[in-house]
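Peer 1: So you can see what is in the structure, the chains are spelled out below.
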Amino acid sequence: MDQQVAYLVLSRIGVAIVTLIVVSFVVFAATEMLPGDVAQILLGQAATPEAVAGLRQSMKLDDPAFVRFLRWMLGLLSGDLGRSYANNIAVADLVGGRLLNTLKLALVTTVVAVPIALLLGITTAMYRGSAYDRTVNMLVVGVISVPEFMIATLAVLVFAVWLRWLPAVSFATDLSSLWGIVRAFAMPVITQSCVISAQMIRMTRAAVIDTLKTPYVEMALLKGASWNHIVLHHALPNAVGPIINAVALSLSYLLGGVIIVETVFNYPGIAKLMVDAVSTRDLPLIQSCAMIFCLGYLTLITIADIVAIVSNPRLRK
Amino acid sequence: MSNRDVTNWTWTDQTALEDALRRGASRRDLMRMLVAGGVSLAAGNILLGGAGEALAQTPTKGGHMKAAGWSSSTADTLDPAKASLSTDYVRCCAYYNRLTFMEEDGSIKMELAESIESRDATVWTVKLKSGVTFHNGKTFTSADVVFSLMRHLDPAVGSKVNSIAKQIVGVKAVDALTAEIRLAAANADLPTILAMHHFMIIAEGTTDFSNANGTGAFRSKVFEPGVRSIGERNENYFKPQKANLDSFEYFAIPDDSARVNALLSGDIQIASSIKPQSIRLAESRPGIVLSKTTSGNYTNLNARLDMTPGDKSDFVEGLKFLLNRQAIQRSALRGLAEIANDQPIPPTNPYFNADLKPRAFDPDKAKALFQKAGVLNQTIPIVASEAASSSIDMAMIVQQAGAGIGMKFDIQRVPSDGYWSKYWLKAPVHFGNINPRPTPDILFSLLYASDAPWNESQFKSAKFDRMLLEARGQLDFAKRKAIYNEMQVMVANEAGTAIPVFISNVDAISDKVKGLRANPLGGQMGYAFAEYVWLQR
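Going line by line, the protein sequences match chains A and Z. Taking full-length UniProt numbering, the leading residue of the first sequence gets 1, the next gets one more, and so forth. Taking full-length UniProt numbering, the leading residue of the second sequence gets 1, the next gets one more, and so forth.
Keep in mind that a hint or two might mislead.
What the simulated footprint calls covered on chain Z by chain A, stretch by stretch (three residues with Cβ under 8 Å from a Cβ of chain A suffice, anywhere in the stretch; the number is not a length) [said to hold, decoys possible]:
(1) 76 to 87
(2) 214 to 227
(3) 258 to 268
(4) 509 to 522
Computed Cβ-Cβ distance ranges for the label pairs, DEER-style [to be verified]:
(5) A/A131 / Z/E283: 44 to 50 Å
(6) A/F66 / Z/G335: 50 to 56 Å
(7) Z/Q326 / A/V182: 50 to 56 Å
(8) A/A30 / Z/P240: 54 to 60 Å
Here are some of the chain Z residues that sit facing chain A, going by a computed Cβ distance under 8 Å [claimed, not checked]:
(9) T122
(10) N162
(11) I253
(12) D255
(13) S450
(14) P453
Everything labelled a hint here was simulated from the structure, so no lab data went into it. As the structure is a prediction and not an experimental result, all values here were calculated from the model. Ideal Cβ positions, reconstructed from N, Cα and C, are used throughout, including at glycine.
Build out the structure end to end from the sequences listed, making use of the hints.
Peer 2: Here you go:
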C-alpha cells in the first residue's frame, strides 16, 4: 500500500521535472521569436550596426541559439544561473532579493486569505440557502467581477490619497515594527486576498456541499450526530482533496500573476523583474524567472495531488 | 497666510500666481489681472507680496526627498555611457559631472572644465578645474578626461553615443590639468556635445559600475537596478554651493495614475512626466505645482520617400496640409504643446528659423494634392503605437480629416514592445518619436543627412549634406544661423517627415520643492534637479 503511494508520488515528481524541461524549451523559443535582441535594446535607437555587432560579439550573442541554450542549461545544472545580459549582475543576486519580496507578500497574503476563505466556504456550505450564505455569495461574485487593478487603484485612492493612512507605494523596506509591516503590506495584501479568496470560497463551498449530499452524512444525521460534528468530522476530511486543489491553484497565482499588484504599488517583486527581463530580452533572467514560476506552480499542484492521493484511497488505484 | 481680505483664495491660486511670477509675468500685469478679477488693490498687493516672498526664498539645507520617474528596469546603470532612461540620467547628474553644462537658456557654462577653446574647431584645448576629487578621494586630472571620452569609441563598452563620439579621433593629456581633443573634421558644437549626459567624467580605469565613483554633488549609497537608488550629499563637492538636500531617493512608478497618486498622498515630492490626461487631477489639488518644459521632444508622421505612396511628392505635401496642428495641440495634448513647422529644431533653440511658418490646416488643398498623386480612392495604412507617445490620437485626427475629403486611412495600432525595431523606419507611413537634442547638427546628422542612421523618410540631398558640413565647421554664429535657416526650410518642404507639434514635458511637484527650473535637456531640470532643489520646511 505504502509502496503504491510512494510510486504515485514519485511519478508525480517525475512529471513535474519533465514539465520544467519542456517549459525551458518553450520560453527559450518564445524569446528567440521576439523582435530585436539585448544588444540592440541596450544600445537603443541611436545604435549603429557596427556598435550593435561589436556588443553582440563581446556578449557572445553571435553563437547559434542552441549553443546559448545549452550553455545556460549546463550552468543551471551546476547551480549557476548565469549573469544578466542587461547589467552583468549575477542572475541569482537579482532574483534572490526580488523572490524573497514576492514570497514575503505571498506568505502574508496566504496567512490572511486562506483561513478566511476556508471559514467562509465551510460556513456557507453549512448554512446553504440562508440569508448569510446568499450575502456572502453575492459579495464574492461582486469581488470576483472587479478587475484587480480597479481594487488596487481604489484602495490607493481611499487609504493613501484621501485618508492618508497608508503609503501609496510599498517598498517593504521598513519591516522593523509591526506597524511598519502593516503599513507596507496592507493594501497589496487586501488586493491579492480579494482576487484569490473568491475562488477558494466558492470551491470549498461546492466541495463541502458535495460531501454533505452523500448517504453517509444522511446516516450520521439519522444516528443523531450534531450538524457541526457531521461537517467537521465526517464531511470535511472527505472534501480535503478538492479544497487543497483549489487553495493550491489560487496560491500559485501569488508568484507569477501578481504583476498588476506589483505595478500599482511599485512593489519590487519577481513578476515585475520578469516583465523587465522580457522588455530587455535578457534571456538568462527570463529563463530563471520562468523556471521559478513553473517550479512554484508545479510544487503547489504536486503537493495538492499528493494530499488528494493520501486523503482519498480511491485515487490510489 | 496674509490674504484674509480675499474670499475664495486657495492654495491653487497662490501657486498659479507664484508660477506666473516665476515665468516672468510682471508685477504690474498681475496686479491688473487681480483687480480685474475683483481683488482690491490693497489685498492684491498683499497677495503679490506673499508670492514674491515664496519665490525670493534662499535655499534651505537638509531633508530627504523622494522623486519618481516613469520607467526603470534591471538594465538601469551607473555607467554614463550606457544611460538610456530618465532614471539613469538623474543618477548620472547626481553622482558625476560633465566638462560643460547647458543652462536653461541653452547657453553653455563650464562645469569640470575651466575653459574649452579652439582656433579651427578641429583641435580643442580643455583646461580643467583644479582641486576636484572623486568620491573615493582620487584627484581629478586630464587622464580621467582621456579615459572617459575614449571609451565611447570601444564597441565592447556599448556606448549610446558611439555614433556622435566617432568624430573624436584622439584625446591626449597635455599636462595634469590640460587635455586636447582632436576631431576628424571641424565641429564648432563640441562644447555643447560635451554637455550631454553620456559624456559625464568617470575616474580613469573604471570598469566596475556596481557603484558610482564620480565628482558629483551626491555619493551613491543604495543602487538596486529596477528598484531604487539613494544618494547622500557629497561634503567634499568642488562647487562652493553644495547640494541642499541631505539625501534623495529616486525610483520609477511606471503607471501614470499610480505616480500621481503617490504624489497626492505625499509619499513622493516629484512625479515626473505625467500624461496630459492626469494633469487636471494633479492641478486641482492643493500643494501640487506643475512644472512645464517644452524642450524639443516630438512625435512625427513619416512617409518613406522610397516607397509608395510616399514616392509621390504630392502625397507627402498633402499629408502635411491635412495635419490639423491646432486639433492635435488642443485635443491630443490638452494644450501642452507648441505648434511646430515640420522641422526638428525647437523654438527655444537659438538656431530656430522663426520665419518658417507652420502649414495651415487646409483639407481642400490636401484633396487636390492627393488627387494629383492618384491616391484619393486608395486606403493608406498608417502604423501607430503607444510607443510613440500620442501617436494613436494623432493618427485618429488625421483619419478624421481624411474622411472629410474622401481619403481613407487605415490606422494599424501595433504593440509598444518591438515597435522601434520592427515598424519604425520600416513601414511606408508610420509615426516616430524623437527626444530633444542640444544642437541642430546632431538633429540633422541623426535624422536628415543622406547617411543618417535614423533617416525616417529616406530624405537624400547632396546639397543638404554639403550645407551640414559647412555649418559644422563654422565658428561664426550669424553665418551658421543663415545656413541652418535654409536647411530647416529644405527639411520642412522636401523631407517626408511631418512634425505637427513639440510636446511639453510636465512634472508634477509638491509645493515644498523649491528651486526647480526648466532646462532644454529635458524635464526635471534636464534631470539634474537633485543638486539644485531644496525642500521648504
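Peer 1: Would you mind marking each hint as holding or not holding in the structure?
Peer 2: Against the structure, the hints come out as follows:
| no. | hint | result |
| --- | --- | --- |
| 1 | 76 to 87 | holds (count 4) |
| 2 | 214 to 227 | holds (count 4) |
| 3 | 258 to 268 | holds (count 8) |
| 4 | 509 to 522 | violated (count 0) |
| 5 | A/A131 / Z/E283: 44 to 50 Å | 47 Å, holds |
| 6 | A/F66 / Z/G335: 50 to 56 Å | 54 Å, holds |
| 7 | Z/Q326 / A/V182: 50 to 56 Å | 52 Å, holds |
| 8 | A/A30 / Z/P240: 54 to 60 Å | 56 Å, holds |
| 9 | T122 | 23 Å, violated |
| 10 | N162 | 4 Å, holds |
| 11 | I253 | 5 Å, holds |
| 12 | D255 | 6 Å, holds |
| 13 | S450 | 15 Å, violated |
| 14 | P453 | 6 Å, holds |
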